[in-house]
Amino acid sequence: ALLYKPIDRVTRSTLVLHDLLKHTPADHPDYPLLQDALRISQNFLSSINEDIDPRRTAVTTPKGETRQLVKDGFLVELSEGSRKLRHVFLFTDVLLCAKLKKAAVGKHQQYDCKWYVPLADLVFPSPEESEHCPQVHVIPDHELEDMKMKISAIKSEVQKEKANKGQSRAIERLKKKMFENEFWLLLNSPAIPFRIHNRNGKSYLFLLSSDYERSEWREAIQKLQKKDLQAFVLSSVELQVLTGSCFKLRTVHNIPVTSNKDDDESPGLYGFLHVIVHSAKGFKQSANLYCTLEVDSFGYFVSKAKTRVFRDTTEPQWNEVRGGGGSGAGMGLAQGQVPINLMHHVSLQLDPQAVQTKNWHMDVIEMNGIKVEFSMKFTSRDMSLKRTPSKKQTGVFGVKISVVTKRERSKVPYIVRQCIEEVEKRGIEEVGIYRISGVATDIQALKAVFDANNKDILVMLSDMDINAIAGTLKLYFRELPEPLLTDRLYPAFMEGIALSDPAAKENCMMHLLRSLPDPNLITFLFLLEHLKR
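So in UniProt numbering, the last spot in the sequence shown is 533, and the numbers never skip.
Keep in mind that the hints were calculated from the coordinates and are not lab data.
Please note that a few of the clues may not be correct.
In silico SDA-like links for lysine to any residue, alpha-carbon gap of 25 Å or less [said to hold, decoys possible]:
| hint | residue 1 | residue 2 |
| --- | --- | --- |
| 1 | K175 | Y270 |
| 2 | K447 | N319 |
| 3 | K474 | V423 |
| 4 | K474 | A452 |
| 5 | K160 | K176 |
Okay, the calculated beta carbon distance ranges per label pair [said to hold, decoys possible]:
| hint | residue 1 | residue 2 | range |
| --- | --- | --- | --- |
| 6 | L528 | I365 | 38 to 46 Å |
| 7 | A153 | K102 | 28 to 36 Å |
| 8 | A231 | E172 | 43 to 51 Å |
| 9 | Y414 | A153 | 38 to 46 Å |
| 10 | K160 | D228 | 55 to 63 Å |
| 11 | R514 | D465 | 34 to 42 Å |
| 12 | K281 | V241 | 45 to 53 Å |
Keep in mind it's a predicted model, so treat the numbers as computed, not measured.
We put the beta carbon where it would ideally sit given N, CA and C, even for glycine.
I would like the entire structure built from these sequences, with the hints used as guidance.
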């Protein structure tokens with residue numbers, strides 16, 4: 001509004017000049033000056049109007065009303081059992097799903113309309129229906145992770161080629177391969193259903209990577225539906241005009257893959273983002289509450305972690321540690337389990353300078369009057385792989401496994417045996433064991449008790465939340481001064497697992513395992529048996 005004020009002033013001056021000329025005699029000395037002033041003003045306004053052509057943000061309906069573009073973006077649609085990338089346009093009265101047609105050389109690109117739903121006819125199914133999608137084929141996590149590793153490897157090759165002033169043809173070939181892999185990832189990683197129903201019978205299903213993105217689309221549609229909307233049917237000509245306008249109107253021009261981004265854009269953050277979600281305040285009524293954390297990696301938001309559900313409360317206290325990575329983080333507060341109602345969400349831009357400190361950085365974010373308290377710490381990838389041995393030789397955390405087993409006169413460290421025993425007693429049926437985080441303060445309390453070799457360990461373990469015990473075991477292995485498979489043999493293990501011949505791989509792995517020191521091998525097999533059970 002403020003930026004428009006100077007133009008508004010010129011518009012009013014032009015009207016005044018018009019009136020003045022009407023009432024000024026043609027032989028008056030001011031008459032030619034007023035004519036010049038009016039001509040200059042009108043030329044200025046017409047040039048401004050050309051720059052801000054209203055057709056760039058809106059189209060006119062046959063009734064002469066303005067149809068404004070509110071939101072657009074690329075979404076994955078599940079159509080006839082297969083995943084298709086669509087460009088979805090939300091106008092003030094209609095949702096249009098289109099596909100970009102392949103254009104001949106020198107021709108303008110055009111959109112092809114797949115379907116449209118007038119907002120007056122658009123309904124969202126109940127939460128139970130929208131979450132239930134039996135026909136969705138979900139790609140296993142390990143396949144998605146393998147693809148991400150491939151993309152990272154190609155990125156490194158591109159950087160090497162550029163540094164060595166390599167051939168542009170080789171770089172283009174690598175970039176093409178990277179785009180193909182990223183496109184596969186973009187199509188196959190989304191698994192969160194977003195269903196749209198037309199009152200006249202047809203349903204459409206999109207798959208999204210992010211609760212955050214799903215709630216943004218839903219909220220944008222519901223906000224428009226509060227207006228008095230009429231149902232209508234577009235004639236083929238009207239549909240052609242509307243689809244034709246999409247190319248000019250669109251605000252999202254490129255598919256959200258990193259290979260589309262300019263080289264001079266910030267390279268993003270690589271490493272571990274540790275987040276502790278402490279608490280939330282400001283709820284008016286009790287609910288079952290949990291927090292979810294999403295990170296944008298590979299150009300779009302991906303769900304990374306969820307806290308446990310705090311039941312029937314207005315002040316949840318989570319204090320849970322989470323891990324992730326990326327350049328932006330989205331956080332959402334959800335209510336209940338099924339049906340899930342995303343209550344509030346917010347997005348934070350991660351500033352590389354601000355987060356790359358060794359200390360935890362505490363912050364409060366506000367979501368529609370709800371205050372969420374959290375702490376954050378970022379460890380770069382190279383730092384995260386460095387293990388720092390403990391200065392003290394007492395205790396168990398950060399101390400060599402051989403030292404601990406020798407001191408305890410055991411083959412497997414006491415901490416590993418006790419944690420595994422407790423998980424097998426109470427955690428086998430627990431959904432998300434070793435994935436859902438325990439409360440950070442509980443894990444630190446258990447760490448202190450094991451380090452001090454306190455006689456109350458068993459009592460404390462039996463009372464402790466099972467996710468905290470699983471978290472303590474993970475922390476023990478993470479804080480070992482060297483990996484369980486040892487620094488010396490680690491490169492050989494990496495080479496062995498990359499072998500394509502199954503028999504050769506098995507022989508190599510068995511030989512390497514036998515080469516491990518006894519405490520490492522026996523602990524590794526003990527852990528493996530447990531995970532298998």
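Hints numbered earlier in the text: which of these fail when held up against the supplied structure? none
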